[in-house]
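Using the supplied hints, reconstruct the complex from the two chains, each of which is provided in its own coordinate frame.
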Amino acid sequence: MKHHRQFRRTAAGIASAAALLLAGAGAASAAPATKVAYALKDGTFTGKREYAFYGYLKVEAVIKNGSLTDVKILEYPNDNGRSHYINSIALPYLIQEAVDAQSYKVDFISGATFTSDAFIKSLQAALKPAGI
Amino acid sequence: MKRTELIMGMPITVAIPDRERMDGAAEGARYLTVDDAIGGVFDSFRDVDERFSPYKPASETSRIDRGELAQTDASAEMREVLALSEQTRRETDGYFNVRAGGHFDPSGLVKGWAIARAARLLDDDGFISFCIEAGGDIEMRGANDEGSPWAIGLRSPFEPSKLVHRLHLTNRGIATSGTYIRGAHIWNPRTGAAADEIASMTVIGPNVYEADRFATAAFAMGREGVNFVAAMPDFDAYMIEKTGTATFTPGFARYIES
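Chains A and B supply the protein sequences, listed in that same order.
Going by the numbering used here, the first residue of the first sequence is number 1, and it counts up by one from there.
Going by the numbering used here, the first residue of the second sequence is number 1, and it counts up by one from there.
Chain B on its own, in the form it takes in the complex (with noise of 0.2 Å):
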């Protein structure tokens, strides 16, 4: 089973094999059937929607930024979006930031730790096979309806109703970075300008939030956001620069179909 809906101003899809619930069950689930399970997916989005929108006034994200709640009298996952937040401030040398700007915005690493957080939901009652998709971030667990590998498709940034590869992968998150419709949309902090040269950059790593992370640390650094990840073990990259060349990793040639 499969659906759509969407939460964060964002399409998110979510994809569950029936065969996971053919049987029932087991004793203590908290998801009965496969649509019990996605819907409980997208109650998760939702919370976190609620929670972590800098755009509502009643988040946490804006009591936060206002000054009227603090950070240690948060909801856990607040402080553990807190704690993620600090630890990749220090490993990119404070430029992830969230307090950048004068305001308190973690919206940068929510949306990977959403899709992270809801796998976990879904690990947790037992289920072996999904595959949770939010603005194009995948993470990917055992195997599709047919009991193959998941099939991703990476979408052109020049044609995005065209793919440019058709990749078999499972158990690992992929995030893409990018500009499709309109100009560059992430800059580079330490030139201040926008991050142009890349059309998009696609990161293979354990987990969708890790991805995603360093899918637009990755961006951000332009040409050299391909050396950066290549560089990290357990992550491969796929970089489209706007001239229509690619260039990636040779551990991600082993996703693509040939």
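Bound conformation, chain A alone (with noise of 0.2 Å):
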């Protein structure tokens, strides 16, 4: 068993998730992640709002003393059409532990991400008049 880990958002966790998703861009983005690391001008900025197959979606970014400070969605994909119930059964067998995030290489990851790159090219569009 793993050791039990306390999560936190915070805004820098945000900032920061911001980033590394700009990192993992590649080849989708042009935008060079590094360039988040650098002085942005203050205030508050909103994205282009993007297509994201269920959805648009549309983020503001922060900046607050030359740095991203937080990534606020106003408009996200609704999965309304996605959802539905089917009665649960018995209750079986389950193994539990605590979650421990690490690095590990892999071929594929498996996560809900489909709106990753319509948050990245937006995110991207809010930051431009921010000096990117």
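In case anyone wonders, no lab produced these hints; they're calculated from the structure.
Computed from a predicted model, the values in this text were never measured in an experiment.
Accuracy of the hints is not assured; some may be wrong.
Keeping only pairs whose Cα atoms sit at most 20 Å apart, straight-line, the calculated SDA-like set for lysine to any residue is [unchecked claim]:
id : chain 1 : residue 1 : chain 2 : residue 2
1  : A       : Lys-105   : B       : Asp-145
2  : A       : Lys-105   : B       : Thr-170
3  : A       : Lys-105   : B       : Glu-159
4  : A       : Lys-48    : B       : Leu-6
5  : A       : Lys-105   : B       : Gly-147
6  : A       : Lys-48    : B       : Ile-7
7  : B       : Lys-2     : A       : Tyr-104
8  : A       : Lys-48    : B       : Tyr-55
9  : B       : Lys-242   : A       : Leu-94
10 : B       : Lys-162   : A       : Val-106
11 : B       : Lys-242   : A       : Gln-96
12 : A       : Lys-58    : B       : Ile-7
13 : B       : Lys-162   : A       : Ser-103
14 : A       : Lys-105   : B       : Arg-3
15 : B       : Lys-56    : A       : Arg-49
16 : A       : Lys-105   : B       : Gly-142
17 : A       : Lys-105   : B       : Ile-7
18 : B       : Lys-162   : A       : Asp-100
19 : A       : Lys-105   : B       : Leu-169
20 : B       : Lys-242   : A       : Ala-98
21 : B       : Lys-242   : A       : Glu-97
22 : B       : Lys-2     : B       : Leu-169
23 : A       : Lys-58    : B       : Lys-56
24 : A       : Lys-105   : B       : Lys-162
25 : A       : Lys-105   : B       : Glu-257
26 : A       : Lys-105   : B       : Ser-258
This is the structure in structure tokens:
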């Protein structure tokens, strides 16, 4: 059993997640990720509305003291169409563990990230007037 | 060879080991090279986007929604999706409904179906090993470049750049439903509340279409979702709660690298 960890969402955490997403964009995005670390114009900047198949996504970037401090999601694809409910059956035997994240070498990654590209595009548009 | 393109608003990646067409293609094969085959998979996703997007006015989905196209006059692909939607509607007691909210929108099924359809294209052309991923949902066949089962990372919903586990599996489909970046995007239709106690629900099934639709359903059910999947033969689940606790089926454990 792994050690239990506390997860907290902070503005810095969100900003670094955004930076990681930018870095992860690779071939998909034109803006070099390293630029996020440079001084930016302070203010709140709204990104472009980006197509994400299930709907549209739009973000707002907040720059304070030259750094990206928060990314707000203004519009998110509404997934109501995907929602469905199935009656649950008997309680089977299950295993529990505390989640512990690390780095591995893998061929592919499974995760709910279908909007990440729209997120990156919208964020890039938001950061343009801030000096990127 | 591994290539990524952005289609349907998401990154789509296809990997086919180069050995697959090392000695050329069999007579009658549609794709002469691995590169051709990967291009064929991307074309297949582009077709799906044009035909099924509810956000493209000229798509069949939009034309059916506006009443301009009768379902019986729709393409074979649309009629297949409609039949699968009807099947899922019955299996979910009417909770999955492509006409929910007064609009026609089958996109809940289309991603998983599109991956399975692309995999069929490669199966039919004699490919033994490949991996197709669209927005985090994956269909696997055969073995990777090293000849081993595919190594699949389970993304942490708390730290998107990190992985919770490395899995080894093949000839299966895997799909994750979850809420990265922002709050819940799937709703429990019974309570009308966001299914927000769960951070992510990963389902492994006989193919990605089945894994995807049951991952979505199980996620919407909240913590009961893992029980629901556990009770289904041939399906396994790994559920991560917002508290950082993971609950999974014994069958899932055999895919986890220890």
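Tested hints:
1. A/Lys-105 x B/Asp-145: Given pair A/Lys-105, B/Asp-145 holds - Cα atoms ~14 Å apart, limit 20 Å.
2. A/Lys-105 x B/Thr-170: holds (17 Å)
3. A/Lys-105 x B/Glu-159: holds (16 Å)
4. A/Lys-48 x B/Leu-6: Cα-Cα ~17 Å, so holds.
5. A/Lys-105 x B/Gly-147: holds (16 Å)
6. A/Lys-48 x B/Ile-7: holds (18 Å)
7. B/Lys-2 x A/Tyr-104: This hinted pair holds, its Cα atoms lying about 19 Å apart.
8. A/Lys-48 x B/Tyr-55: holds (16 Å)
9. B/Lys-242 x A/Leu-94: holds (18 Å)
10. B/Lys-162 x A/Val-106: Roughly 11 Å between the alpha carbons, so the hint for B/Lys-162 and A/Val-106 holds.
11. B/Lys-242 x A/Gln-96: holds (14 Å)
12. A/Lys-58 x B/Ile-7: holds (18 Å)
13. B/Lys-162 x A/Ser-103: holds (5 Å)
14. A/Lys-105 x B/Arg-3: holds (18 Å)
15. B/Lys-56 x A/Arg-49: holds (15 Å)
16. A/Lys-105 x B/Gly-142: Given pair A/Lys-105, B/Gly-142 holds - Cα atoms ~19 Å apart, limit 20 Å.
17. A/Lys-105 x B/Ile-7: Violated: A/Lys-105 and B/Ile-7 sit about 25 Å apart, past 20 Å.
18. B/Lys-162 x A/Asp-100: holds (9 Å)
19. A/Lys-105 x B/Leu-169: OK: A/Lys-105 and B/Leu-169 at ~15 Å, within 20 Å.
20. B/Lys-242 x A/Ala-98: Answer holds: B/Lys-242 to A/Ala-98 is near 11 Å, not above 20 Å.
21. B/Lys-242 x A/Glu-97: holds (13 Å)
22. B/Lys-2 x B/Leu-169: holds (18 Å)
23. A/Lys-58 x B/Lys-56: Holds, at about 18 Å.
24. A/Lys-105 x B/Lys-162: holds (11 Å)
25. A/Lys-105 x B/Glu-257: With Cα atoms ~12 Å apart, A/Lys-105 and B/Glu-257 stay inside 20 Å; holds.
26. A/Lys-105 x B/Ser-258: holds (14 Å)
Checked against the numbered hints given earlier, this structure breaks only hint 17.
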